[in-house]
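2 protein chains.
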Amino acid sequence: MILKDLGEFRLIDRIARHIKLSSRSIKGIGDDTAVLRYTEKKYLLFTCDMLIEGRHFLRTSGGYLIGKKSLSASISDIAAMGGEPRFFLVSLGVPASLNLKYVDCIYRGIRDVAKKFNVDLVGGDTVSSGNIIVNIALLGEVEKNKLVLRSGAKEGDEIFITGFIGGAAEGRHLTFSPRLKEARYLARNFKIHSMIDVSDGLVADLGHILGSSKLGAVIYERDIPISKSAKNFKSAIKEGEDFELVFTMSRGEGKRLTASWPFSTRLSKIGEVCRRRKGMSLVRKNGKKESMIPGGYTHF
Amino acid sequence: MILKDLGEFRLIDRIARHIKLSSRSIKGIGDDTAVLRYTEKKYLLFTCDMLIEGRHFLRTSGGYLIGKKSLSASISDIAAMGGEPRFFLVSLGVPASLNLKYVDCIYRGIRDVAKKFNVDLVGGDTVSSGNIIVNIALLGEVEKNKLVLRSGAKEGDEIFITGFIGGAAEGRHLTFSPRLKEARYLARNFKIHSMIDVSDGLVADLGHILGSSKLGAVIYERDIPISKSAKNFKSAIKEGEDFELVFTMSRGEGKRLTASWPFSTRLSKIGEVCRRRKGMSLVRKNGKKESMIPGGYTHF
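Same order as they appear, the protein sequences are chains P and Z.
Taken in order, the first sequence gives residues 12 to 311; the numbers are from this note's numbering.
Taken in order, the second sequence gives residues 12 to 311; the numbers are from this note's numbering.
Same shape as in the complex, but just chain P (with noise of 0.2 Å):
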């Protein structure tokens, strides 16, 4: 059997069943960063992202949006479990005939998201290779008490979602801001049940969310907020590199929320959580209910 028959989830459920963890971690593979003891109060966070020529980017976009790209995939991460990033290191791998020039500004574009973001760049590894290839490894903290996993939702809870979704392919995957202060504001102010970035793509996402939550949901297709960039609608809840957090609460803490949203950046409320044996269906415009296979996309 070749990988492209398995497939990247698959795979990824392959690895994850060999693993045995020890005390010393809290979650390891299966969320959007592992979870490590730290301190008394906080955990560490850890994750990678690897990006890859041809495949998340091509060299025209040129070095600053990928080396922009690279740091913010992985900010996102640390968002979407509540945590604050703080430091990082880039494995790059660049062809030796690669104007210097190309380098420099993969590197500003990555020292302008770390300066934003205020993450420390502490080291990293520089190879030769035939494509260009950003690995990023970063690591953050996240008060005990303010975790949020992708586990923990819970039946009757309200589904919500930051800014637009669709248009990556279109160019938004490059230009996109990892939702950081959103994600906080969130964890300090509101009790998150669960939460995830969108990378793999909307109903990919919160499959992994309904997935590991044990949980069914049924979202709106009026409700779900598409960017005018995007293709269509399906293309914008299946294609992933939004970056976008989804995230699920109680009613009460709904409600709470949309009262005090402070940021411009959008907020919608595109469904509910469900028990598991409902699975998980969109309502389209028209009042058809349409039953939904969990499936975004998928590098193999």
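In case anyone wonders, no lab produced these hints; they're calculated from the structure.
Please note that the accuracy of each hint is not assured.
Since the list can't tell identical chains apart, any single copy or any two copies may satisfy a pair.
Distance condition first, Cα-Cα at most 25 Å in a straight line; then the derived DSS-like pairs of lysine-lysine [claimed, not checked]: (1) K299 to K155; (2) K127 to K280; (3) K31 to K112; (4) K239 to K52; (5) K52 to K155; (6) K242 to K225; (7) K15 to K112; (8) K165 to K225.
Every value quoted in this text rests on a predicted model; they were computed, and no experiment measured them.
Given chain P, work out where chain Z should sit, using these hints.
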């Protein structure tokens, strides 16, 4: 200007120049790992290594040895700081057409090393890629008073090396075992002034210690332990990927160390640290002194 003309070490210098560390970081770029604030008694160590098919291994070497090498190389970096490895992430790039068994072998190699050295695999990323790429991001810890940097060598120090060097290109780069127990024994029981692991080659890595410490050195051909599988003496001291420890300590500590070394791993005193203006020189078996220019394996 292209990267090939600049060279790897000058690229790293160039990157490092733009970086301002916050007070949360003790040491950034310029040692085997980054050193970060952690608990009252310990520092956090943070390092990454990217291995690429065709540069660091061939597909015909088999997944198991590739997996083993990737984690072992990062553990070697933590060892060279005097620390203990704790948690790691694997970013894996693999062709969608790759056999699943091959990927299982990579993870089996990684897991076997993780088990041996008591490190937890806590997450990662999987992406499709033309070549096989393995990036390891590893976290470790070290007691504050056991931390060993490259920059602490002192004039008059004796220079030691573990094991044998050379023969990496002949296959040893895939089968080495990181010198973790030796490094921990050294850090716990002796005052080690400086330490590094030999990844770029003995001449280059001793050069890194001397550069950071602003000193020179004399090493003796007759005392340098060369592996039987090495092509010749010159290639052995320049090739890299030996993953042995090079360290310096005072003459008194050196005497105490050679009298009490408890491991079967060979320990060799290969030279002395001297003033910077004397540079780095090699005394050949015939007694002739040659000036050495620190240079080793470079990726560009």
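Checked hints:
Taking the shortest Cα distances, K299 and K155 never come within 25 Å of each other, neither inside one copy (42 Å) nor across copies (64 Å). Within a single copy, K127 and K280 get their C-alpha atoms no closer than 29 Å, and across copies no closer than 49 Å, so neither meets the 25 Å cut-off. For the homomeric pair K31 and K112, the shortest alpha-carbon distance between copies (21 Å) is at most 25 Å, but the shortest distance inside one copy (44 Å) is not. In this assembly of identical chains, K239 and K52 lie within 25 Å of each other by CA distance neither inside one copy nor across copies; the values are 43 Å within and 53 Å between.
Taking CA atoms no more than 25 Å apart as the test, K52 paired with K155 passes in both settings, with 6 Å inside one copy and 21 Å between copies. Taking the closest pair of Cα atoms, K242 and K225 never come within 25 Å of each other, the shortest separation being 32 Å inside a single copy and 59 Å across copies. Taking the shortest Cα distances, K15 and K112 sit within 25 Å of each other only across copies (13 Å), while inside one copy they are farther apart (36 Å). When the C-alpha separation of K165 and K225 is checked against a cutoff of 25 Å, the pair qualifies only within one copy, where the shortest distance is 9 Å, while the shortest distance between copies is 61 Å.
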